Amino acid sequence: MYSVNYHRASSVAEAVKLLKNGDAKLLSGGMTLIPAMKTRLAAPSDLVDVSRLKDLQGVKVSGKTVTIGAATTHYEVSTDEKLKKVCPALAHMASLIGDPAVRHKGTIGGSIANNDPAADYPAALLALGATIITSKREIAADKFFKGLFETALKEGEIVTAVSFTAPAKAAYQKFRNPASRYAIVGVFVTKGKDGVRAAVTGAGDDGVFRSKEIEAALAKNFDASALDGLKVPAKGLMSDIHASADYRANLIAVMAKRAVASANA
Amino acid sequence: MGIEGVGARVARKEDKRFITGGGRYVDDMVVPGMKHAVFVRSPHAHAQIKKIDVQKAQGMPGVVGVLTGKELKADGIGNLICGWMIHSKDGTPMKMGAWSPLAVDKVRYVGDAVVIVVADTKGQARDAAEAVEITYKELKAVVEATKALEKGAPQVHAEAENNLIFDWELGDGKATDAAIKSAAHVTRMKIVNNRLVPNAMEPRAALGHYDKAEDHYTCWTTSQNPHVARLVMSAFYNVAPENKLRVIAPDVGGGFGSKIYIYPEEIVCLWASKKTGVPVKWVADRTESFLADAHGRDHVSTVEMAFDKDNRITALKVDTIANLGAYMSLFSSCVPTYLYATLLSGQYNIPAIHANVRTVYTNTAPVDAYRGAGRPEATYVLERMMETAARELGVSPAELRRRNFITSFPHQTPVIMAYDAGDYNASLDAAMKAADYAGFTKRKMDAAKQGKLRGIGMSCYIEACGLAPSSAVGSLGAGVGLWESAEVRVNAVGTIEVLTGSHSHGQGHETTFAQLVTQRFGVPIDSVSIVHGDTDKVQMGMGTYGSRSGAVGMSAIVKALDKVEAKAKKIAAHLLEADEGDIVIENGEVKVAGTDKSLPWFQVALASYTAHNLPAGMEPGLKETAFYDPSNFTFPAGCYICEVEIDPETGLTEIIQFVAADDFGNIINPMIVEGQVHGGIAQGVGQALLEGAHYDPSGQLLTASYMDYTMPRAGDLPSFKVSTSNTPCPGNPLGVKGCGEAGAIGSPPAVINAITDALGVVDIPMPASPATVWATIRATKH
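Chain order of the listed sequences is A and B. The first sequence begins at 1 in the working numbering and counts up one residue at a time. The second sequence begins at 1 in the working numbering and counts up one residue at a time.
Quick caveat, the hints were computed from the structure, so don't treat them as lab data. Since we're looking at a predicted model, the values are computed, not measured. Certain hints may be false.
[As the list claims (entries may be wrong)] From the structure, some residues in chain B lie toward chain A, with a derived Cβ separation under 7 Å:
(1) D172
(2) E649
(3) T650
(4) L690
(5) H694
(6) L702
(7) M707
(8) Y709
(9) T710
(10) S769
(11) A771
(12) W774
From the three backbone atoms N, C-alpha and C, an ideal C-beta is built for every residue, glycine too.
Here chain A stands alone, though its shape is the one from the complex (with noise of 0.2 Å):
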């Protein structure tokens, strides 16, 4: 690891502030970033510790409206009781997500600033219709995730929160890269108000994407056996050493079927 300043932020305003010295980079978790240092693929003059701000903490749920800081960790947000009760879909990614460690550093702010093609939280808050709110605005979570490691916040942006409607019915199943346990396929699929949605991860070209197939099949039937004998083309997904597109897209429709079993269960 290179050198660097680390600053503790006491305020998203201040954060904000800090954020303008040299190439200065925001920390939350660091479950991507310190790696990324420590192996000195990525070099970051300073550090902006936001992870102990007391506003980005906490899930806060009223009605059937989840709002849920950025600085909340995999594990608070997995283990929350009531959103267990609104929207257990998403407490039961949560608990999907790396390991222990990870899961009590990790936030939910970081994963979708980050927005690893194989991370799951951008499946959900794609499949959820989350609104992305940031210390200048509230973005929509499908104006949010712009392809890999891309998304829409500018230059200063810090994500606060994320906010949703829990859906009638959702599940998340993904199927894990054997070496890393990220998300070879990863399918959130849900039904709510405005209809249907299915949001994949680990398998597109361009990141997480929503999946017009398994959309249209769905808003039919949302039964699994809608999705039997559905061809989700390869075209657009990746291949490397762990999966062809051909296997991530087979692995889209099961992965999809199987979600939308656990929905309805």
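Start from chain A and add chain B according to the hints.
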């Protein structure tokens, strides 16, 4: 056996320090004035070094030295050696290219060490390493052995034309061909054994300390055989004469073969310590371990197995291409030859065997012994062939094996080995019973109702352990003898130190070896200490690999214990005024049999050191040394059965059960033996399902971290069902055979036989990852 003697499940004495963080590894060693080293390594698989500019790096903060291969050569440091000479079938010696500890003109794999940077801190050394400017001219690389043999392939070393190191054979080619020609049935397969990265938990490390006042070197290193390291560094690398070089291998966190070899880094750290005047420590990071630890396996074989009309094997013909990587590592030449082809008879009566092995240079990390070393490759060839043959012949895999088992001993195979003892039917029976083999068909049908594919596979392995009679290995080209030494020191108060040339890096020697002493003299196990891993304490030894520490290392201890016991009895007989033949030692007492006359053990020890009243002419003291050279290899064997269930939608394979029925000869500590089997199976299952080193065509290692290289995790494995049915080994005083590698040798074919059974296919490549299984299913549908 008592609660601490031979056969008892004694908890490991060494575990207290290991599990409480009290182990002392090379990285824990701190020497006053010590500095830290980072190696600049080649980013290219194959390139000429045009220019090395170290000026900028030398001026960086904290830097005490930036040293190159040219300076190393100028100081007379030698090239790395290969310790086993193999001759091609045309009589020519193997064609070995030079391996300089720091590359001088050319780099030959990604990770090849080029420059060492020494600085006050590791961070400063890293910063300076980035400032070293090396100009390369990239050359085309070759990573696959079969491609390296093609005409026009990039030439890795000028010495080895077409990258062929040797073309070696064993067995009777004519008889084998004739038998295949006249066979009732011939099974033919191409069999690939995938390349593995060893992944010891502790990365390699070295601390070199040159003491100018004494003109003496000390090297702390992660070694499985510190004495061999000293011998080689002294005799071949010109680091220092043996009396001026002390090598210490303290606690070592796993080796699996990868820490047998003497690598460039320890040589360079010793040399750099003299050059810079400070002690120099290097600890590999995990990426370096992936890039620059010797890898394992990487064979491609074409195999023919011939049967008569009664399904008896009449011949086996094997043509193997073995990838040895960019340089010949210390034992790389013997692994695909004498540790491989000699095991191709397996547990079977095979009248004619012929093996042809070509070893090949490529632009990849050196390949050498990895847990099993040649024997897993041989077992994989044989047991995949037996499975396929059984399916082709329409007989059960168990029946085909039984029909061909060797049942009378000693048995001379056509490929050098003379098996001394075994009962292969007993292992097969035990495994089939434990696996409820008879109930498999019903389980398969039940699984099918759930949409799952069940398969069952077996593997009957044999291995040769206890390396080995020195004269025999010497005649086959080994550069060293393969005996072991032991020294038993009884202190004046009766406590006992055992010095051994074996080296424990996870095997539990401090417990097992102490059990031998407890058994012999009835002293508590806590009063016995095992000393190993330091050339200043133990005079000479050959180290630990090839499951040799039980059969060879403990046999040396037994010989030394015999001498101590004989002397103790003489002293006791003198003190008790009895006949020497009437003295017995039990429960810490030295007694005259059939009387109430006795002495506590410590009094005999004390008497030997006070020397006030010893038999006439006897030297004082109670300390004896022994060297033990085995008369033969030992032949552990067994039967493994694996049952899998495959999800055809995802290709995910779950191991439902894994049964191991082994014959290890007599057992000293069943718990430690079971642990060895568990670990071995985990590695074997890892090879079959999860692990595989992948280079891209340009020679970049794509699996250079745990993000991409799949290590087996606890959740990938079932609770193993292990048992032993043992035939004592007649070749050594304890009747032990060795158990360290069996699991890794026997398990891969059992897993793949089960998967191919479930899928109804002839073959599937290892690792049979979900993606591979799914693609195989899809290919069979089309």
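Can Y709(B) be said to touch chain A, with a Cβ gap under 7 Å?
holds, 6 Å
Using 7 Å as the Cβ threshold, decide whether S769(B) counts as touching chain A.
holds, 6 Å
Quick one, is the W774(B) hint okay against chain A at 7 Å, beta carbons?
Result: holds, 6 Å to nearest chain A Cβ.
Cut-off 7 Å, beta-carbon criterion: hint that T650(B) touches chain A:
holds, 6 Å
When the least beta-carbon distance from H694(B) to chain A is tested against 7 Å, hint result:
holds, 5 Å
Hint status (Cβ of A771(B) to nearest Cβ of chain A, threshold 7 Å)
holds, 5 Å
Against chain A, is M707(B) within 7 Å by beta-carbon distance?
holds, 4 Å
For the hint on L702(B), just tell me whether its beta-carbon gets within less than 7 Å of chain A.
holds, 5 Å
Against chain A, run the beta carbon of E649(B) and see if the smallest gap drops under 7 Å.
holds, 5 Å
Taking 7 Å as the limit, does the beta-carbon of T710(B) come near enough to a beta-carbon in chain A?
This interface hint holds because 4 Å falls under the 7 Å limit.
D172(B) as chain A interface residue, shortest Cβ-Cβ below 7 Å
Constraint on D172(B) not satisfied, violated at 42 Å.
Hint L690(B) vs chain A: min CB-CB distance below 7 Å?
holds, 6 Å
Against the hints set out earlier in the document, a violation occurs for number 1 only.
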